[in-house]
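For this one, chain A is given, so just place chains B, C and D on it according to the hints.
Protein chains in written order, with the numbering used here: chain A, 363 to 671; chain B, 363 to 671; chain C, 363 to 671; chain D, 363 to 671.
Worth flagging that the hints you see were computed from the coordinates, not collected in a lab.
Be careful, since some hints might not be right.
[What the hints assert, rightly or not] Among chain C residues calculated to face chain D with C-beta under 7 Å, some are:
| hint | residue |
| --- | --- |
| 1 | T601 |
| 2 | F613 |
| 3 | S667 |
All C-beta atoms in this analysis are idealised placements derived from N, C-alpha and C, irrespective of residue type, glycine included.
4 protein chains.
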Amino acid sequence: MPALDKVLNDIADTMAKETRRGKVADYIPQLAKVDPARFGIAVVTNDGETFTAGDADEPFSIQSISKVFTLTMALGLVGDSLWKRVGREPSGNPFNSIVQLEREQGVPRNPFINAGALVVTDVVLSQHQPREALGQILHFLRFLAGDESIVVDRAVARSETETGFRNIALANYMKAFGNLEHDPDKTLGVYFHQCAVAMSCRQLAMAGRFLAADGRNPETGGRVVSSQRARRINALMLTCGHYDGSGDFAFHVGIPGKSGVGGGILAVVPGKASIAVWSPGLNQVGNSQLGAIALERLARTMGWSVFGP
Amino acid sequence: MPALDKVLNDIADTMAKETRRGKVADYIPQLAKVDPARFGIAVVTNDGETFTAGDADEPFSIQSISKVFTLTMALGLVGDSLWKRVGREPSGNPFNSIVQLEREQGVPRNPFINAGALVVTDVVLSQHQPREALGQILHFLRFLAGDESIVVDRAVARSETETGFRNIALANYMKAFGNLEHDPDKTLGVYFHQCAVAMSCRQLAMAGRFLAADGRNPETGGRVVSSQRARRINALMLTCGHYDGSGDFAFHVGIPGKSGVGGGILAVVPGKASIAVWSPGLNQVGNSQLGAIALERLARTMGWSVFGP
Amino acid sequence: MPALDKVLNDIADTMAKETRRGKVADYIPQLAKVDPARFGIAVVTNDGETFTAGDADEPFSIQSISKVFTLTMALGLVGDSLWKRVGREPSGNPFNSIVQLEREQGVPRNPFINAGALVVTDVVLSQHQPREALGQILHFLRFLAGDESIVVDRAVARSETETGFRNIALANYMKAFGNLEHDPDKTLGVYFHQCAVAMSCRQLAMAGRFLAADGRNPETGGRVVSSQRARRINALMLTCGHYDGSGDFAFHVGIPGKSGVGGGILAVVPGKASIAVWSPGLNQVGNSQLGAIALERLARTMGWSVFGP
Amino acid sequence: MPALDKVLNDIADTMAKETRRGKVADYIPQLAKVDPARFGIAVVTNDGETFTAGDADEPFSIQSISKVFTLTMALGLVGDSLWKRVGREPSGNPFNSIVQLEREQGVPRNPFINAGALVVTDVVLSQHQPREALGQILHFLRFLAGDESIVVDRAVARSETETGFRNIALANYMKAFGNLEHDPDKTLGVYFHQCAVAMSCRQLAMAGRFLAADGRNPETGGRVVSSQRARRINALMLTCGHYDGSGDFAFHVGIPGKSGVGGGILAVVPGKASIAVWSPGLNQVGNSQLGAIALERLARTMGWSVFGP
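Same shape as in the complex, but just chain A (with noise of 0.2 Å):
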């Protein structure tokens, strides 16, 4: 097997020269400021290494990351019993999603379109404020990363809140349905909220490590899901994880991936490590270009894809 490091550093030089480096996310403000040069990545292994390359230190906007893990407490709050209220597909929608919340009355296809989490962000919710909920979505991400520095961007969080049409409409348009508990404005409130999370490529590495580790924290051994809500997780991961690029990033990457529009993209190898990486410009599809080829490239590179041996 290849040394991670040297690795990690080709990846980063390569990927410093690259000039087709997609396009910054302009819908939100905030986020088009962000350098198209900005190239980070981390790996931590289930046996307790850390691996990094370029900024992986530089905190970034996690955006649709954050669904993974406020997927993973709404699990552990109404358990399988929010499948009622989110289906398992993939969306298969270029355009997005809203057109399938009409058809299919309301019920998103699956908890990794803005829809679908909107609808775990109402269950995270559940009776308390606003600020309580996610004061405990941030006191999830700082355990699973076992750091304490882990914040929201509040300039980000404001731009979203201010120019989040789109994500107005599709709560209100699920309300509509029945399938929003509270008021539209909460549930939107938390929601601009965790997405405008702050993560360097290190600290969402870290945080990804129980999907790695069939549910428990490979460090101390503690179980954070049972094997099986681990699996399965990954399982929405790779099936739904990249919106309508979730199919080829399974055919290219080989791994489960949650993608951000910040430019971030969390991958599990299951039983070997979690990966960070961070690269603003996205590609067609709102996936980050750099971010996906380089871990086409270390994927290939360590022999890493669940479809081989």
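For chains B, C and D alone, coordinates are given in the frame of chain A:
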């Protein structure tokens, strides 16, 4: 690890008692005649052992499972240029796929929906006459399974040809967009016959061995396809192999699989085993109802999952 | 020509006995309280006579019928530039229109579906505050009807505001595409109130006179809109005035009309008469069931149709 | 009222100078050969006068205009039971209609989209052989136009048969839903030939007289269809006669009309006149570009509109 023969027998016994068996496909008159009480299962491990239970030697119509093998052939013929004509994303469509054909200008979402498989067959047809192309498909299946007795069920083929209006529509629709090279009737002729191939669970599990063995025939060590190609076909099976139930199958069973409306499912445990199961009754999205349940039970009992260590 | 008073009384008598009266709209709680047994009809001819039968002086919630009047106002404000923001085609959608909003980038198909009417209201709002804009709408309705007693039903307006999640979704969705100038809450505020205007059949028929009289107030001869504009509004009512039942209404009744979920329909016989009918029960596509039947009978008896000599 | 001969000559002169003439249909190779500079117009008034200008005696392919006449025949054969198999609503679909066929289980939205016209032709075919059915269609057209010289353009018919994959798809798709009685190839054979009928503006305007004269042949006074049926066919032309440009045609021209991709439009002024116009270039939604403009000008000049007095 539990003994496979005992596990399979337990599963077959449980399935025999199951009363909710789904609904046998009736849109092809010949398929509607199959006894819903049948159940068979076969596992071929990478170290060459075969285990079976129930009606594992009874041939059934493989239908869409044939798409895995014609895809393998087409990739052998034209390589990655195939992907200009077919996508690699789940269709995410509860109805069927003609909607997306229209929206996406005649390019099917993936090679495992009917439209995509027709394009694949159009490639396999290449310069040949339909009869020769069909001969090559049979030849490939017999080679993979190591069994010269595999044949087309002519009654089923005739039944499909006479009632396959929807597939005729799909083929002509793609022809209108220029995404079919041959006369639609020719491509359809081969397609209807490849779907009408009859195989037993044992034969099917044998034919799938190269996908469990990273592209090699585990018996001879001979390479069927490259390691990368085998992994990619597995990835496509996982994300697209069960129509609009693919996410659910990944979630519950956790291994790549391809179903057919004849009630069969071919499933692959990379590095470990090739599996075929058969139960004619289908669930609401058109996949074998007991087949999926049996595979979920088998995978859980054996600890087989691509999403865990 | 039969005597109108007798014709209307016959129709009202027949409708009183009708047992299949449709279903009163229940998604706005306040509307659900209306007695389904009510029926009223009023005809104002171009030579100034008024005929009524049944509950013709009972105010009801005009709902979407208000869209005809705000469209007239918006065209007065911005002329044909309105059509950059709204289409003029039937939506042809049995579900509702958010699907097409997505496909057509936030431009509603016509001004009579909810999304289109929201854009129209956004134009009427122009530089004003919601309260003033609503005042102008009321002023215009009172002027057209020659009746200062027309008011907003505050209980209905409040009920709509509290439960109008679907409209909130539509407004925010269009805002995301840049097709709403104002804060969605402001536009929605005016919209919910315009829909909650209460008018009787008599008042409504009076307000519609200018459409029957080629743009003039037939009483005073004063021009309300140009002849061309009146004809075009009639054309839009004919092709789009009854949602996905517009074709059927044109087929059976044969004159332009606009329905509202309060159970009212405003219909126009160009050159002859303005008609309003009210029966709270709705058919499957959301139009007054007995209202349409009454209009069909009236039109046939009187020989009124735009499709014959 | 202006003199019609002068009005038509003015229009023809203006159209001759127009440089933006749209795009001649090229998906049927034979149609692509037509000279885009051609323009003809003919008006037959209810009192029996005929006025023409330009290439009014040049035969062109009537294409979808034939649907008006086969609809009239089918209603004569099976009456209102036709509406169990075809709807009466605008399709509202910018792409084409196969999407709605899927959603609405093989029942086309109206008789003027291709799918609906195929069902209508399937009815006309009834117990006959294709050749006889086509003979009856020709017979009916000759009778209406009072002109025995009307024939099918065999080259166009052959061209359509060889390249009509989309129509083949539609027919087979409906057959799959059980909404085609005959072998799709037979229905398609008649359909391709009815579309290939060649008629001049003069012949077409003559053939449309019964729709302008409330169902009668204005020359003989003989009844072709009932007054109600004539009005209903006009209503369908107005709401559905120009595909997804029907609303716009009603808005700008204000009278019922049916277009064909050969560049012809048949239009009806109830009680006054039957009009045919021809200019081969099509606009973006597939209707004759100059044809619609010429009709708008003619209607405005003459004060013809169903939406005014």
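Problem set entry | chain D contact restraint on T601 of chain C - CB to CB distance below 7 Å | 5 Å, holds
Problem set entry | Per-residue hint verdict: S667 of chain C, partner chain D, C-beta under 7 Å | It holds, given that the least Cβ distance between S667 of chain C and chain D is near 5 Å, below 7 Å.
Problem set entry | When the least beta-carbon distance from F613 of chain C to chain D is tested against 7 Å, hint result | With Cβ-Cβ at 5 Å, under 7 Å, it holds.
Violation of the numbered hints given earlier is absent; every hint is satisfied by the structure.
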